[in-house]
Amino acid sequence: MLKIAVNLFKYRELIAALAWKNIIVRYKQAYLGIVWAVLKPVMLMLIFTLVRSFVGIESDNLPYPLLTFAALLPWIFFQESASEGVISVTSNAPLVKKIYFPREVFPLTAMVTKIVELTISFIILAAMMFYYKIIPTIYALWVPVIIFYTMVVALTISFFGAAMNVYYRDVSQALPVALSLLMYGSPIMYPLSLVRKTLVEEQAAGVWSNDLYSLYVLNPLAGIIDSFQKVLLKGLPPDWNVILPGLILTIMVLPFSYLFFKRAESWFADVI
Amino acid sequence: MPIIEVDHLTKEYQLGHLTSLKETALNAMRRLTFQTVQQRERFKALDDVSFSIEEGEVVGIIGHNGAGKSTLLKHLANISKPTKGKVTVRGSVAPLIEVGAGVHPELTGRENIFLNGAILGIPKKIIKQKLDEIIEFSELEQFIDTPVKKYSSGMQVKLGFSIATTMEADILIVDEVLAVGDLMFQQKCIERMESLIKKQGRTVLIVGHNIRQLERICSRVILLDHGKISKDGNPSEVCGVFFREAQDRTLIRHTHIEGLITPQKDAGVLRVLQVEIVDDNGESAKYASFHDPLTFKVIFEINTELIRPEVVIGVHTSDFVHILSVSNALPDIRPDLKIGKYVLTCQLSDIPIRPGSYNLRLAFLDQHRNMLWYAENIMPINIVAGRFNITRLPEVGLIDVPANWSFNIH
Numbered sequence: 001m002l003k004i005a006v007n008l009f010k011y012r013e014l015i016a017a018l019a020w021k022n023i024i025v026r027y028k029q030a031y032l033g034i035v036w037a038v039l040k041p042v043m044l045m046l047i048f049t050l051v052r053s054f055v056g057i058e059s060d061n062l063p064y065p066l067l068t069f070a071a072l073l074p075w076i077f078f079q080e081s082a083s084e085g086v087i088s089v090t091s092n093a094p095l096v097k098k099i100y101f102p103r104e105v106f107p108l109t110a111m112v113t114k115i116v117e118l119t120i121s122f123i124i125l126a127a128m129m130f131y132y133k134i135i136p137t138i139y140a141l142w143v144p145v146i147i148f149y150t151m152v153v154a155l156t157i158s159f160f161g162a163a164m165n166v167y168y169r170d171v172s173q174a175l176p177v178a179l180s181l182l183m184y185g186s187p188i189m190y191p192l193s194l195v196r197k198t199l200v201e202e203q204a205a206g207v208w209s210n211d212l213y214s215l216y217v218l219n220p221l222a223g224i225i226d227s228f229q230k231v232l233l234k235g236l237p238p239d240w241n242v243i244l245p246g247l248i249l250t251i252m253v254l255p256f257s258y259l260f261f262k263r264a265e266s267w268f269a270d271v272i
Numbered sequence: 273m274p275i276i277e278v279d280h281l282t283k284e285y286q287l288g289h290l291t292s293l294k295e296t297a298l299n300a301m302r303r304l305t306f307q308t309v310q311q312r313e314r315f316k317a318l319d320d321v322s323f324s325i326e327e328g329e330v331v332g333i334i335g336h337n338g339a340g341k342s343t344l345l346k347h348l349a350n351i352s353k354p355t356k357g358k359v360t361v362r363g364s365v366a367p368l369i370e371v372g373a374g375v376h377p378e379l380t381g382r383e384n385i386f387l388n389g390a391i392l393g394i395p396k397k398i399i400k401q402k403l404d405e406i407i408e409f410s411e412l413e414q415f416i417d418t419p420v421k422k423y424s425s426g427m428q429v430k431l432g433f434s435i436a437t438t439m440e441a442d443i444l445i446v447d448e449v450l451a452v453g454d455l456m457f458q459q460k461c462i463e464r465m466e467s468l469i470k471k472q473g474r475t476v477l478i479v480g481h482n483i484r485q486l487e488r489i490c491s492r493v494i495l496l497d498h499g500k501i502s503k504d505g506n507p508s509e510v511c512g513v514f515f516r517e518a519q520d521r522t523l524i525r526h527t528h529i530e531g532l533i534t535p536q537k538d539a540g541v542l543r544v545l546q547v548e549i550v551d552d553n554g555e556s557a558k559y560a561s562f563h564d565p566l567t568f569k570v571i572f573e574i575n576t577e578l579i580r581p582e583v584v585i586g587v588h589t590s591d592f593v594h595i596l597s598v599s600n601a602l603p604d605i606r607p608d609l610k611i612g613k614y615v616l617t618c619q620l621s622d623i624p625i626r627p628g629s630y631n632l633r634l635a636f637l638d639q640h641r642n643m644l645w646y647a648e649n650i651m652p653i654n655i656v657a658g659r660f661n662i663t664r665l666p667e668v669g670l671i672d673v674p675a676n677w678s679f680n681i682h
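The listed protein sequences correspond, in order, to chains A and B.
Everything in the first sequence is counted per the numbering used here, starting at 1 for the first residue and increasing by one.
Everything in the second sequence is counted per the numbering used here, starting at 273 for the first residue and increasing by one.
Certain hints may be false.
Said to hold, decoys possible - Just so you have them, the derived chain A footprint on chain B, three or more residues with Cβ under 8 Å:
1. 345 to 354
2. 376 to 383
3. 393 to 402
To be verified - In silico DSS-like pairs for lysine-lysine, Cα to Cα no more than 27 Å straight-line:
4. A/K28 / B/K421
5. A/K10 / B/K400
6. B/K460 / A/K262
7. B/K358 / B/K316
8. B/K294 / B/K400
9. A/K97 / B/K316
10. B/K400 / B/K460
11. A/K97 / B/K500
12. A/K197 / A/K234
13. A/K97 / B/K422
14. B/K396 / A/K10
15. B/K400 / A/K28
16. A/K97 / B/K356
17. B/K353 / A/K10
18. B/K471 / B/K397
19. A/K3 / A/K97
20. B/K353 / B/K316
21. B/K569 / B/K613
22. B/K537 / A/K28
23. B/K503 / B/K358
24. A/K28 / B/K422
25. A/K10 / B/K397
26. A/K3 / B/K396
27. B/K421 / B/K400
28. B/K402 / B/K422
29. A/K97 / B/K358
30. B/K402 / A/K10
31. A/K262 / B/K356
32. B/K396 / B/K503
33. A/K40 / A/K234
34. B/K460 / B/K471
For the record, the hints were derived by calculation from the structure and aren't laboratory data.
Source: prediction; values computed, not measured.
In this text, a Cβ means the ideal position worked out from N, Cα and C, and glycines have one as well.
With these hints in hand, go ahead and build the complete structure from the sequences.
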């Protein structure tokens, strides 16, 4: 962990330059430019809102579009950072083969790049909150912490995935599938309270209900999205019961993921 | 303390590619059951290489293709890790391995300067300071705000080289970059390299095929052969060895037999069956000696009658500089030839061409100087020093002519 932070600082100029390149290159020849970056969460929000008008999903007494957008914001940041991170080493093969710098710069850059898009999403969210007249409370100060936690989760997947992807390109093929499954396994279309109500209170899955709920909150994204909505929209402190399982899992897996990446790194140039 | 130490460095690569899932699963099973696993074939790119380089040395690394030169540089630049052995580098390394690795086509020249600078680890402050210098050196003032994808390949390399050489590292690693751009820019690159080397006393490693350039710049040359160091030391000595080895390799074919080459011009009236150089006893020879006679023997067959044909035999360098040609028209020995097979011999009484590897060209013309048959690169001709005690001095010219000297008091 500390080493990542040190490298992040030491190679900040390189990461900044590479991230800046990524952004410029992505939008340079697109007429709509950076607008594309916000289109994805907005479209998903509209689709979810449309779907909800048929099936009816509870929204904790909040406007549903706002609730789902607040869920999509950290989710899309996570999803894009992880999938870009996983292909970051292989897509920079010419650099890997010719110049040395610590290879974790690539997943880190992929994540930093996404911060720009995240910022734009935040502006939209702020506008929506203004529209729905929701005033953030002091608990909104938790937001940077939650975003940082999201980064750590994304990096945990990126490091392992990026190293594996150098050897087996199957990883980059499988990841989108896994991530879209995870999207339905995270409280995005529906609030977490609904899951808790169904599983814990109504025991909808019989004897498995409590275990299933534990499994559900083991997904770090459940904690992230729930807390994000809580601190920003509901003016409540984060719910540690939901965060802790995922957080502990992440903290346990991250060192292995990073070590795996560092071990595999030596052979990147030979294999890629 | 040496700035670079390479200690018993061995690098192996696995040949072949990723095996199928079935194969991987089977291998895993075999490992679990302690059976021998079928190993993929391994290839030693570097085999037990050891040397050390002191600060300020300029070392050239030469060898034929696949000798392990680039693999060695990759280890010094920390891009690859050794299979066995150790590489110690004390100091910062600027890898100019194929300049322009980090140049992105969508960005403009100016943007690429900053990006590439960051990739090479040059702080932004320094790049800003040197921006004008870089642009000026690259000769791209006019195009600096144009996306690089619109540049010619030469312009891209110019840009890459200009950025890379601004980096202030202790060790410069250069791979074939001197062969870039047009002649004028090449000259500039060499001058820049020489100023980096001589004025700033940097340690430089250069890999290249332009032996002459390396011989000039380097203070020491290492010759690699199949992953091993075959010679290490004085540039002219090592380059000489490399050159002789290359010569020996080309010697394998010292007779031309019909069918080996396709003539550039063939009117269909004659076939060249065999071409060789022969010694005094008429035996096929492998070498010709400097300032000695040289005899060509050509066996050919004609299927129509030729009246007063002209035959031209010439020698050219591997880059097709025609050094000399002789023709039977000058002494006017042009007999009429009936249908049949002929042996033509032509003796040059004195070869003025300096030792080296050259090539033969041959032309047949009819009496009106219409080309009947013409081919270049027919076979290599190796000229050796013979009775003269010189190895190879390309810088003094290709031709040597007798000269009379005298010193008198004025």
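Okay, the hints, checked on the actual structure:
no., hint, result
1, 345 to 354, "holds (count 6)"
2, 376 to 383, "holds (count 4)"
3, 393 to 402, "holds (count 3)"
4, A/K28 / B/K421, "holds, 13 Å"
5, A/K10 / B/K400, "holds, 19 Å"
6, B/K460 / A/K262, "violated, 41 Å"
7, B/K358 / B/K316, "holds, 16 Å"
8, B/K294 / B/K400, "violated, 55 Å"
9, A/K97 / B/K316, "holds, 19 Å"
10, B/K400 / B/K460, "holds, 23 Å"
11, A/K97 / B/K500, "holds, 23 Å"
12, A/K197 / A/K234, "holds, 18 Å"
13, A/K97 / B/K422, "holds, 25 Å"
14, B/K396 / A/K10, "holds, 13 Å"
15, B/K400 / A/K28, "holds, 23 Å"
16, A/K97 / B/K356, "holds, 20 Å"
17, B/K353 / A/K10, "holds, 23 Å"
18, B/K471 / B/K397, "holds, 24 Å"
19, A/K3 / A/K97, "holds, 23 Å"
20, B/K353 / B/K316, "holds, 14 Å"
21, B/K569 / B/K613, "holds, 13 Å"
22, B/K537 / A/K28, "violated, 53 Å"
23, B/K503 / B/K358, "holds, 21 Å"
24, A/K28 / B/K422, "holds, 15 Å"
25, A/K10 / B/K397, "holds, 15 Å"
26, A/K3 / B/K396, "holds, 23 Å"
27, B/K421 / B/K400, "holds, 23 Å"
28, B/K402 / B/K422, "holds, 24 Å"
29, A/K97 / B/K358, "holds, 20 Å"
30, B/K402 / A/K10, "holds, 22 Å"
31, A/K262 / B/K356, "holds, 19 Å"
32, B/K396 / B/K503, "violated, 42 Å"
33, A/K40 / A/K234, "holds, 25 Å"
34, B/K460 / B/K471, "holds, 16 Å"
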